[in-house]
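**Q** Chains as they are written, first to last, in our numbering: chain A, 67 to 180; chain B, 8 to 116.
Hints listed in this document are in silico derivations from the structure and should not be mistaken for laboratory results. Ideal placement from N, C-alpha and C gives every residue a C-beta, glycine not left out. Possibly wrong hints are sitting among the right ones.
[Said to hold, decoys possible] So the derived label-pair ranges between C-beta atoms look like this:
1) K75/A - P88/B: 36 to 44 Å
2) K115/B - Q80/A: 37 to 45 Å
3) F108/A - R67/B: 24 to 32 Å
4) K75/A - E10/B: 24 to 32 Å
5) P116/B - Q80/A: 40 to 48 Å
6) D62/B - Y76/A: 39 to 47 Å
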Amino acid sequence: DTAVSQTPKYLVTQMGNDKSIKCEQNLGHDTMYWYKQDSKKFLKIMFSYNNKELIINETVPNRFSPKSPDKAHLNLHINSLELGDSAVYFCASSRTGHMNTEAFFGQGTRLTVV
Amino acid sequence: QKEVEQNSGPLSVPEGAIASLNCTYSDRVSQSFFWYRQYSGKSPELIMSIYSNGDKEDGRFTAQLNKASQYVSLLIRDSQPSDSATYLCAAGNAGKSTFGDGTTLTVKP
């Protein structure tokens with residue numbers, strides 16, 4: 067039973083395309099996140115949703131649009147992909163959005179834009 | 008200045024030694040602190056969380072927090088080759104965790 071699952075695991079696409087990454091958690095958590103990890107392993111938060119509501123929206127190009135149909139799902143859609151979007155994208159969830167809760171990560175989606 | 012800074016690696020220790028990983032944070036209102044371990048090509052997994060000043064021990068791992076100095080550390084006793092990974096320090100506040108760049112640890116048999 068995978069706690070936080072993302073699909074696809076690998077995604078290779080051409081510049082200018084639009085793609086989506088899906089994420090689902092079966093932990094009953096209220097909060098879900100999208101993180102981006104670049105080639106230097108730096109992990110940076112992009113978005114956070116709490117009970118389907120956007121609560122954190124870091125400085126991310128508006129080509130990136132998250133969608134949360136319910137609190138167990140958080141998808142990420144990327145328009146007009148660019149070479150610089152190549153990275154590993156991690157979905158994560160936590161019990162609440164409060165300070166003292168740790169995040170559980172999905173296995174990551176390695177996006178390569180060519 | 009980065010919000011969360013970790014001691015630059017890579018760090019190499021012999022098997023059985025103590026590995027010491029350090030982290031400082033700049034946001035004084037941070038209340039929760041985490042250490043994640045990330046194996047190459049895998050996702051981060053939580054190994055320790057600490058919220059109050061002092062030490063917290065869990066098996067071979069000890070986390071130390073000093074809020075006055077804005078400093079968090081992780082000690083790994085009796086290091087094993089399986090501990091070889093990148094360790095990420097994170098500081099949490101207002102529902103968000105900010106991560107450091109990570110320190111890569113290699114434990115040599």
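**Q** With reference to the structure, classify each hint as holding or not holding.
**A** Verification of the supplied hints:
| no. | hint | verdict |
| --- | --- | --- |
| 1 | K75/A - P88/B: 36 to 44 Å | 26 Å, violated |
| 2 | K115/B - Q80/A: 37 to 45 Å | 43 Å, holds |
| 3 | F108/A - R67/B: 24 to 32 Å | 27 Å, holds |
| 4 | K75/A - E10/B: 24 to 32 Å | 30 Å, holds |
| 5 | P116/B - Q80/A: 40 to 48 Å | 44 Å, holds |
| 6 | D62/B - Y76/A: 39 to 47 Å | 41 Å, holds |
The structure fails hint 1 only (numbered hints given earlier).
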